[in-house]
Amino acid sequence: MSSAMNPFIAKRSSAQIMQQVMLALMPALFTLTVLFGIGSLLNVFWTLCAALLAEALALHLRKVSILAHLKDGSAIVTALLLALALPPATPWWICISAAFFAILISKQAYGGLGQNLFNPAMAGYAMVLVSVPSYLLYFPTDANTVSEAVQLSLGLASWPDHYTSATVLSVVQQNQSLMLDQLWQSELFGKIAGAHYEWVAAAFLLGGIYLIVQGIISWHIPVAFFVGLSVPAFFFYDGGSSVSSGSALFHCVAGGSMMAAFFILTDPVTNCADRHAKLAFAAFSGVVVFFIREYSSYPDGIAFAVLLVNTAAPLIDKIALTIKAHKA
Amino acid sequence: MSPFFQRMVAGLKLPASKSTTRDQAIATLPLPSFLSLAINAAEPLVKVGDHVLKGQKIAEGRICAHAPSSGTVRAISNTDEGYLLSLDCDGQDTWIDSEPVSSFTDWDFKNASTRELLIRLHDAGIIGMGGAGFPLTEKLLSARNKPIETLIINAAECEPMVTSDEALICEKAYEIIQGIKILQQLSQAANVVIAIEDDKTAAIAAFNAALINHNAIRLQIIETRYPSGSETQLITMLTGKRLNAGQLPADVGVLSHNVATAFATYQAIVLGRPLISRVITVAGSAIGKPCNMEVLIGTLIDTILNACSFNADQCKSLLNGGPLTGSVIHDTSQGVRKTQHAVIAAGVHQLRRQMPETACIRCGHCSDVCPENLLPQQLLAFGKSDNIAALTQHRLTDCIECAACEVVCPSHIPLVDYYSASKALLAELKQEQEKAQWAQARFERQQARKAVLEAEKEAKRLARTQALLDKSAISAAASVSTENIKQSTTAATEPAQVTSTAVADDPVAKALAAARAKRGEPATDNTNSSQPIAKNDPAELLKDRIHTLTTKLATLEGPAKEVVERSIAAMQEQLATMQEQFAALQTETLSQAVEVDDPVAAALARAKAKRASDAQAPVLNKEAETANLDEKALLQKRIDTLQAKLETVEGPAHDVIARSLATMQQQLLDLDKAQS
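As given, the protein sequences belong to chains A and B, one line each in that order. Number 774 in the numbering used here belongs to position 233 of the first sequence; there are no gaps in the numbering. Number 206 in the numbering used here belongs to position 119 of the second sequence; there are no gaps in the numbering.
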């Protein structure tokens with residue numbers, strides 16, 4: 542058979558693709574560390590340990606080569622995404638539970654890499670979000686010292702009040718009295734979508750552009766997501782009244798939008814297979830994110846939106862194929 | 088995922104690796120001493136020990152085979168695919184007609200009929216030489232009833248390392264054009280397009296030179312991109328048409344042939360030379376002298392490798408065909424086949440690094456390069472889970488196994504291997520399905536045959552009873568006394584209702600009983616059971632049978648239904664005949680009785696007969712009425728009618744009529760005698 546020889550070989554192996562994704566996440570990790578201290582690095586430490594341990598355990602139980610499969614790097618990518626999604630210096634037990642859930646339940650239980658229905662990082666994040674929401678809804682507003690961060694991470698202390706605040710998304714959601722212009726007077730809001738966090742979003746954007754340039758992801762998915770998010774945001778935006786949920790630009794930058802657009806929705810495993818279905822998948826995710834932000838009790842809806850649309854991926858594929866077969 | 092939206096051209100850029108053989112003239116191999124010919128889809132015409140001449144047809148069938156050189160047939164063995172014929176060459180290379188015959192000089196084929204050309208192509212054993220190896224004449228014939236707009240000549244040769252077509256074009260462009268003209272004439276295509284990749288500059292120049300006077304043939308230079316030479320790719324690229332699943336190129340008005348096929352066509356028609364040699368590329372880093380070479384079909388791979396300074400130590404993989412689509416050669420003592428275009432001996436550094444297969448991450452690179460717009464990642468998953476329905480829905484059978492997906496797969500999955508396995512599974516299931524359908528059809532045919540046999544048996548049995556009845560009734564009628572007339576006519580009219588009390592005196596009943604005894608039936612007491620009585624009346628029996636069959640008809644379908652319908656019709660015919668005969672019989676019996684004696688009794692009997700025939704067959708009323716006419720004339724008339732009828736009926740009904748005709752003629756003679 543052809544595989545007996547085939548002298549031509551892909552530019553990158555799957556493991557190398559994973560490495561590129563890790564590399565693309567570095568700007569965001571760096572920015573978070575610069576702005577808020579080493580809390581995010583500690584997150585990475587916990588999630589990485591837990592993810593690798595869980596992966597090794599699962600591979601052992603599945604009786605497959607542990608080293609060969611650990612090398613594919615997928616567990617590391619999941620751990621990184623999870624660590625960046627969690628607020629800096631999240632208590633260790635939250636990080637570990639999220640990582641275990643991500644690897645064991647949402648990936649290995651489905652049959653390992655390539656078989657999972659749900660994005661592991663988002664599944665892990667959603668699990669802790671519904672379990673211990675109070676730990677995840679407040680973000681730091683300023684950097685803390687190393688010892689503070691370590692104490693926080695070990696669960697020995699909690700953030701001093703003046704260091705944390707609700708995220709801008711939750712402020713906007715709960716706002717009943719102030720015009721948006723007035724909200725933006727606050728230091729918290731920065732220029733577009735939250736002081737400091739705008740820069741984190743920019744870092745994710747940078748990493749995403751790198752992946753596009755490297756040909757690892759296509760620009761179509763992020764664009765489709767932003768369109769899906771912006772269109773309802775645009776129609777619901779009333780120019781900035783007290784009940785407004787913010788402009789389309791605000792939504793695209795705030796919260797986990799950037800990360801989702803470039804690093805979560807582009808996950809090929811949990812995406813659709815058909816190219817047109819992929820577009821629908823991303824756009825649909827954007828719409829769902831907006832409506833969760835607008836109508837649910839959660840300020841940000843990335844994780845839930847992604848999980849919901851993950852379940853719809855096979856259906857979207859099927860619809861796309863049926864339409865194509867009908868056209869042909 | 089860069090080419091995200093629907094592309095005109097899929098595929099990928101690959102290093103051509105053609106430079107070593109690209110600019111070389113076609114070499115010729117010294118005449119080998121031994122040839123090994125694989126004969127597929129044909130039956131050998133020669134025996135072991137026969138001496139054959141070069142160009143002699145040695146196998147006839149879908150793909151005719153010819154002796155590539157003169158020599159002696161050493162052995163013929165059966166293989167899975169057909170036959171393997173070993174030929175010891177005598178070194179003389181003697182042509183069968185000293186020189187190849189040619190009745191068409193250059194360009195002369197224009198006057199030849201399509202039929203003549205097709206026969207020649209078939210006799211020359213020409214097949215599609217691009218790889219599939221489908222018999223050329225079959226391809227042409229299958230497209231005959233479809234209007235062909237465009238004839239595509241595939242000179243793309245997109246596979247890396249293979250340059251056999253390119254070399255052929257460089258040297259034989261003029262001949263190829265003539266072959267193309269023949270193929271155009273055969274398919275009646277309005278447009279002819281030759282597709283060639285843009286890196287084949289020498290071949291393009293050769294074509295341009297040869298095409299100076301042929302404006303009707305367009306040379307289309309296409310991008311060098313693997314697999315541009317795939318048929319569906321070419322069709323889309325050159326005509327803008329897309330093939331839907333299950334469609335043949337001819338369905339969209341396109342027919343495509345490989346450039347080597349065009350050359351073989353030229354050789355067959357203009358030179359009268361069968362397909363006994365072809366050009367192949369021998370290359371790879373384990374080959375000391377890479378070249379393009381014309382070899383006789385059946386030349387051993389060993390012989391070829393030896394001639395090209397093959398370095399066995401360096402060779403890691405020996406392939407029949409190019410590096411992407413070729414298959415591994417396990418046995419170098421096999422002969423070159425008509426479809427083989429290359430022997431690649433890949434050295435260590437040409438071998439794909441032994442990357443372990445890792446999990447599919449569904450990156451979709453494979454679907455970006457798939458020339459058939461398939462979703463290879465999905466096919467892999469469905470194949471692993473043997474999901475037949477999904478494999479079919481995702482058009483697995485459209486996969487051309489170009490291996491472009493494998494090249495880009497970051498998980499190094501041998502995708503084509505998986506697809507071949509899945510295809511084999513699909514084929515197996517399809518075969519099983521066909522088998523089941525065939526068995527079903529066979530069962531239905533059997534049932535139908537059974538029904539026919541049963542009907543025939545029944546008819547024969549009835550005919551026998553009828554004959555017996557005729558005889559006994561006649562003899563009885565002839566012998567009975569006047570007093571017995573009433574009784575006997577009753578018996579003749581309604582033989583089934585003869586009572587047992589009557590049996591003692593009644594000769595007809597006796598005769599019937601005798602007949603029953605002869606058939607092996609128990610002489611049942613008729614009064615006690617009505618069933619056997621009914622059975623003994625052929626008309627009733629027939630009616631009964633027709634009724635049964637009609638009921639059965641409702642439950643049947645297909646051919647069985649038709650057969651049963653036919654037998655019902657035949658039976659109805661029979662019934663009519665029988666009723667006619669009964670009527671006639673009565674009249675005759677009566678008339679004879681009348682002749683014998685009492686006119687009153689005769690009149691009574693006649694009236695009774697009329698009533699009976701009225702009840703039995705209204706159609707026969709008219710004839711029954713005429714029963715009062717001259718008996719002889721009546722008999723004659725009936726004979727005439729029956730004779731006319733005899734012409735139109737077949738089978739058991741025919742026999743019955745023939746027999747009763749004979750009886751009637753006898754009666755007529757008897758009557759004549761009696762009168763005189």
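Read the hints as simulated data drawn from the structure, not as lab findings. Just so it is clear, CB atoms sit at the ideal spot from N, CA and C, and this is done for glycine as well. Some hints here could point you the wrong way.
Now the stretches of chain A that chain B is said to cover, found in silico as 3 or more residues with beta-carbon under 8 Å [said to hold, decoys possible]:
#1 556-563
#2 658-670
#3 808-816
Below, simulated DSSO-like cross-link-like pairs (lysine-lysine); rule was C-alpha separation at most 30 Å, straight line [said to hold, decoys possible]:
#4 A:Lys859 x B:Lys233
#5 B:Lys403 x A:Lys612
#6 B:Lys403 x A:Lys865
#7 B:Lys100 x A:Lys552
#8 B:Lys471 x B:Lys517
#9 A:Lys865 x B:Lys105
#10 A:Lys552 x B:Lys471
#11 A:Lys552 x B:Lys233
#12 A:Lys612 x B:Lys471
#13 B:Lys510 x A:Lys868
#14 A:Lys865 x B:Lys517
#15 B:Lys233 x A:Lys604
#16 A:Lys859 x B:Lys105
#17 B:Lys328 x A:Lys868
#18 A:Lys865 x B:Lys510
#19 A:Lys868 x B:Lys233
#20 B:Lys403 x A:Lys552
#21 B:Lys105 x A:Lys868
#22 A:Lys859 x B:Lys328
#23 B:Lys328 x B:Lys510
#24 A:Lys552 x B:Lys510
Cross-check of the supplied hints:
Coverage of the stretch 556-563 of chain A by chain B holds in this model, with 3 residues showing a Cβ closer than 8 Å to a Cβ of that chain against a need of three. Counting residues of the stretch 658-670 of chain A whose CB lies closer than 8 Å to any CB of chain B gives 0, so the stated coverage by that chain is violated, three being the minimum. Under a criterion of three residues with beta carbons nearer than 8 Å to beta carbons of chain B, the stated coverage of the stretch 808-816 of chain A is upheld, 6 such residues being counted. The suggested pairing of Lys859 (chain A) with Lys233 (chain B) is violated, with an alpha-carbon distance near 34 Å, which exceeds 30 Å.
A hinted pair counts as satisfied when its Cα atoms are at most 30 Å apart, and Lys403 (chain B) with Lys612 (chain A) qualifies at roughly 28 Å. Pair hint Lys403 (chain B) plus Lys865 (chain A) does not hold up; C-alpha atoms about 44 Å apart against a cutoff of 30 Å. Between Lys100 (chain B) and Lys552 (chain A), the direct Cα distance comes to roughly 12 Å. Compliance with the 30 Å bound is thereby established for this hinted pair. Between the alpha carbons of Lys471 (chain B) and Lys517 (chain B) the distance comes to roughly 19 Å, so the proposed pair stays at or under 30 Å and holds.
For the given pair, Lys865 (chain A) sits about 39 Å from Lys105 (chain B) by alpha-carbon distance, which is inconsistent with the 30 Å threshold. Taking the CA atoms of Lys552 (chain A) and Lys471 (chain B), the gap is near 26 Å; set against the 30 Å cutoff, the hint holds. Restraint check for Lys552 (chain A) and Lys233 (chain B): the C-alpha separation of about 45 Å exceeds 30 Å, so the hint is violated. With a CA separation close to 24 Å, the supplied pair Lys612 (chain A) and Lys471 (chain B) stays within the 30 Å bound.
Proposed proximity of Lys510 (chain B) and Lys868 (chain A) is supported: the alpha carbons are some 26 Å apart, at most 30 Å. In summary, the hint linking Lys865 (chain A) to Lys517 (chain B) is supported, as the alpha carbons are separated by about 25 Å, within the 30 Å threshold. Taking the CA atoms of Lys233 (chain B) and Lys604 (chain A), the gap is near 58 Å; set against the 30 Å cutoff, the hint is violated. With a C-alpha separation of about 42 Å, the suggested pairing of Lys859 (chain A) with Lys105 (chain B) is violated against the 30 Å cut-off.
For the hint pairing Lys328 (chain B) with Lys868 (chain A), the CA-to-CA distance comes to about 14 Å; that is within 30 Å, so the pair holds. Among the hinted pairs, Lys865 (chain A) with Lys510 (chain B) is consistent with the structure: their alpha-carbon atoms are about 23 Å apart, no more than 30 Å. Restraint check for Lys868 (chain A) and Lys233 (chain B): the C-alpha separation of about 23 Å stays at or below 30 Å, so the hint holds. A threshold of 30 Å between alpha carbons decides the hint, and for Lys403 (chain B) with Lys552 (chain A) the separation of about 23 Å falls inside it, so the pair holds.
Simply put, Lys105 (chain B) and Lys868 (chain A) have alpha-carbon atoms about 40 Å apart, too far for the 30 Å limit, and the pair is violated. Between Lys859 (chain A) and Lys328 (chain B) the CA atoms are separated by roughly 25 Å; this keeps the pair inside 30 Å, and the hint holds. For the proposed pair Lys328 (chain B) and Lys510 (chain B), the alpha carbon gap of about 26 Å is at most 30 Å, so the pair holds. Note on Lys552 (chain A) and Lys510 (chain B): the hinted pairing holds, with a Cα-Cα distance of about 29 Å set against a maximum of 30 Å.
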